[in-house]
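Novice: Read top to bottom, the protein sequences are chains A and B.
Take 1 as the starting number for the first sequence in our numbering and just add one per residue.
Take 382 as the starting number for the second sequence in our numbering and just add one per residue.
Treat the hints with caution; some may be incorrect.
Stated by the list, open to error - Over 12 Å on every C-beta distance to chain A, these chain B residues come out as not near it, computed from the model: (1) A396; (2) T424; (3) D426; (4) L455; (5) G475; (6) A486; (7) D487; (8) A492; (9) T518; (10) K523; (11) R545; (12) S619; (13) K665; (14) F675; (15) A689.
Unchecked claim - Label pairs and their in silico Cβ distance ranges: (16) G350(A) with P421(B): 29 to 35 Å; (17) Q316(A) with F622(B): 38 to 44 Å; (18) V671(B) with L184(A): 54 to 60 Å; (19) L237(A) with R624(B): 20 to 26 Å; (20) L184(A) with A609(B): 37 to 43 Å; (21) A407(B) with Q316(A): 24 to 30 Å; (22) Q508(B) with V264(A): 17 to 23 Å; (23) V640(B) with G274(A): 28 to 34 Å.
Stated by the list, open to error - Listed next, the stretches of chain B that the computed footprint assigns to chain A, with coverage defined by at least 3 CB atoms under 8 Å from CB atoms of chain A: (24) 498 to 508; (25) 609 to 617.
These are calculated hints, taken from the structure and not from any lab test.
Glycine included, C-beta positions come from ideal geometry on N, C-alpha and C.
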Amino acid sequence: MSTDERTVEAKTPVLSGDGVVGGPASGSVPPVSGGGATAAAGAAVSWHEKAADAGSSGARDSALGGDRRAGAVVSRHGETAGSGGEASNLGAATPMGEGPGGALSGAGARSATWRATLRLFRSEVGLIFRRPRTVAMLVVVAVVPVLCGVAIRIFGADGEALMAQVAGNGLALGYVAFSIMTPLILPLVVAVVAGDALAGEAGLGTLRYLLTAPAGRTRLLGVKFAGIAAFALATSLVIVLAALVTGLLLFPVGPVTLLSGTTVPLLDGLLRIGLITLYVTLGMIALGTLALAVSSFTDAAIGAIVTTVVLVLVSQILAFVPQLDVISPYLLTSWFQRFDGALREPLATGDMGQGVLAFAAYIAIFGSIAWARFTSRDITA
Amino acid sequence: MFTRARVVRWGVPAAALLVVAGAIGAGPVIAAVQGEPQLPELTADQLLTEVGARWGGPGSMPPMSGTIVETASLGIPALPAVPSGPSPLALLSGSHELKVWYGSADQVRLAIPGPMSEQNLIYNKGQAWWWDSAANTATKIKIPSGTPAPAPLPTAVTPPDAARLALAMAESDTAVSVGNDSTVAGRAAYELVLAPKAPESLVRDVRLAVDGETMVPLRVQIFAKGAAEPAFEVGFDSITFARPAPENFTFTPPPGAKVTEGDLPVLTQERPQMPTGDLAVTGKGWTSVVTLPFDATQFKDNPLLAGAKTVAGGKVITTKLVSALITDDGRLLVGAVTPETLEKAAG
Numbered sequence: 001m002s003t004d005e006r007t008v009e010a011k012t013p014v015l016s017g018d019g020v021v022g023g024p025a026s027g028s029v030p031p032v033s034g035g036g037a038t039a040a041a042g043a044a045v046s047w048h049e050k051a052a053d054a055g056s057s058g059a060r061d062s063a064l065g066g067d068r069r070a071g072a073v074v075s076r077h078g079e080t081a082g083s084g085g086e087a088s089n090l091g092a093a094t095p096m097g098e099g100p101g102g103a104l105s106g107a108g109a110r111s112a113t114w115r116a117t118l119r120l121f122r123s124e125v126g127l128i129f130r131r132p133r134t135v136a137m138l139v140v141v142a143v144v145p146v147l148c149g150v151a152i153r154i155f156g157a158d159g160e161a162l163m164a165q166v167a168g169n170g171l172a173l174g175y176v177a178f179s180i181m182t183p184l185i186l187p188l189v190v191a192v193v194a195g196d197a198l199a200g201e202a203g204l205g206t207l208r209y210l211l212t213a214p215a216g217r218t219r220l221l222g223v224k225f226a227g228i229a230a231f232a233l234a235t236s237l238v239i240v241l242a243a244l245v246t247g248l249l250l251f252p253v254g255p256v257t258l259l260s261g262t263t264v265p266l267l268d269g270l271l272r273i274g275l276i277t278l279y280v281t282l283g284m285i286a287l288g289t290l291a292l293a294v295s296s297f298t299d300a301a302i303g304a305i306v307t308t309v310v311l312v313l314v315s316q317i318l319a320f321v322p323q324l325d326v327i328s329p330y331l332l333t334s335w336f337q338r339f340d341g342a343l344r345e346p347l348a349t350g351d352m353g354q355g356v357l358a359f360a361a362y363i364a365i366f367g368s369i370a371w372a373r374f375t376s377r378d379i380t381a
Numbered sequence: 382m383f384t385r386a387r388v389v390r391w392g393v394p395a396a397a398l399l400v401v402a403g404a405i406g407a408g409p410v411i412a413a414v415q416g417e418p419q420l421p422e423l424t425a426d427q428l429l430t431e432v433g434a435r436w437g438g439p440g441s442m443p444p445m446s447g448t449i450v451e452t453a454s455l456g457i458p459a460l461p462a463v464p465s466g467p468s469p470l471a472l473l474s475g476s477h478e479l480k481v482w483y484g485s486a487d488q489v490r491l492a493i494p495g496p497m498s499e500q501n502l503i504y505n506k507g508q509a510w511w512w513d514s515a516a517n518t519a520t521k522i523k524i525p526s527g528t529p530a531p532a533p534l535p536t537a538v539t540p541p542d543a544a545r546l547a548l549a550m551a552e553s554d555t556a557v558s559v560g561n562d563s564t565v566a567g568r569a570a571y572e573l574v575l576a577p578k579a580p581e582s583l584v585r586d587v588r589l590a591v592d593g594e595t596m597v598p599l600r601v602q603i604f605a606k607g608a609a610e611p612a613f614e615v616g617f618d619s620i621t622f623a624r625p626a627p628e629n630f631t632f633t634p635p636p637g638a639k640v641t642e643g644d645l646p647v648l649t650q651e652r653p654q655m656p657t658g659d660l661a662v663t664g665k666g667w668t669s670v671v672t673l674p675f676d677a678t679q680f681k682d683n684p685l686l687a688g689a690k691t692v693a694g695g696k697v698i699t700t701k702l703v704s705a706l707i708t709d710d711g712r713l714l715v716g717a718v719t720p721e722t723l724e725k726a727a728g
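Build out the structure end to end from the sequences listed, making use of the hints.
Specialist: Here is the structure:
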């Protein structure tokens, strides 16, 4: 199954040039070659057969687990020329994911729904992480702390106290890495994945077919959000692990000196870096939610990505204007680096707590905007 | 039907926005709904005596810890050139945070948090340390025995310190009254209003919020004439009356840090070049004017001087709270009074 998906997915970018996928457009799509197409088409057909008499939970599962690839392939064969309208209606009519085979009842149905959602989530995570682009971004994200550590090792750390700390204790590279990456690199990476989430699928034409599966728009959006959250967590973990391993290899590691001048045991220091990791992750999830909302308004993934990055840059520039200090607490970016409270003794939770509240507010507002837009829009491409 | 469904859907983000806006705005609203805290009535004289007895002299404070926020809006242009660090000039504009732990008169810790840095003054039984994380230096400060803990910075004014200064002023020509009880740092507080009687003073009044239970000054606000917002305010943002953990007062220089001995480095390094020479004070109390020699050419490019107004015999800088007159014969006159008073004092 997975090899078939790969083959088809490798072909998908060919579609993006056309933008529109539909009856007439599908004729212009180059034919998918090789066994992959046949196998995937087979999957598509089987989905249709099963969906026709969708009575058992198994059918629902395979309908969801059958992945968007099936839908994409169907479109290429022009079999679902008439189902475009259905796709949008289906989503609008069944926002909560009650599919056409809604004969299921009680706990069984609920657990089947959960299993189906889990499969959809797994497919989404696979889609995010198996992309060469994602792998490349994760590599870049991992390389920066390593380079940083190597540079401090070779050239020493003159002047900059934070860097000098790294030379004295490799663990410090963990938070140095975060303070270097949270202003730009990390938001950029998250914006690429989150901005692509809906707009990318819409642009490729896979979104409408994804919606023909009885997943429901709300659940699909939830899965997209969970995928972004998983990616944000993975990025933060890659950074912190790369930094800690580099620090461990290049520098002495021992008790940690905090900003307050207090020295705490190694384990305490690790826990504090873990706290920073979670904080940064939540911040990036908030940014990802914003990008997801932007992504729900457009069919051009690059538009959503650029918009998000521009928003990040603009709000960081605004933070440099002293006259605009009033609005800075309301800007998302001004909270990204407020994790230094974790490095004070006693733990200064005030700033971080407010940051978490700001992130939660952003997630609530932009998550609901994405939901309102995505569940009410017509999927035309 | 379709449009109605859409409207309902867009109602969700609208509601989310309202909830967030409500949560942000809830603080003042809740305070307004709760109204004034109920404290036993005290007359101005009783309150002044009560507060003055404790804070007029070397006051004693119960063990506490808290966060102090200091805000100055003197009405001078924001100074982008001023580093946001703990420089004395930073006092002039913006908001600054300070953390304080107070165990007893000989156990005090003050922390000035900065972005990815922190400065600490730790005073423990005659031994004082100054820790600067950005410079990675620990300085052991020599203190003559018997003196109280030094203030690390001119900016590090605690509300009790400010209250002491204000009460000293109250001994001169002042109308003392009791304002409305208010809530400061979550505690019910009396408000003591000290208003200068002299018409030439730029100060409308100084308001002291005093904790209703412990009589600890929680907030000091200075209002300029004709301004609704305080020109200067220092107050507790949060306060806990409990003995802080003893770890707060112990300091061992961390490995790798530069350890030196001497004065407070901030005071010696970052103090602006104070003009040397005679410093004369004329007038007293609220209307006192400080005269000192001043070389204007040295400060030619200073943004403060750019806004100066030329008058007969010199240049005048006015802010909401303070006026300064630079005379052509090389004197600087400063006071919380009208420019005309300065000109008169300059003679």
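Novice: Give me the numbers of the hints this structure contradicts, sorted from smallest to largest.
Specialist: 1, 5, 8, 9, 12, 18, 19, 25
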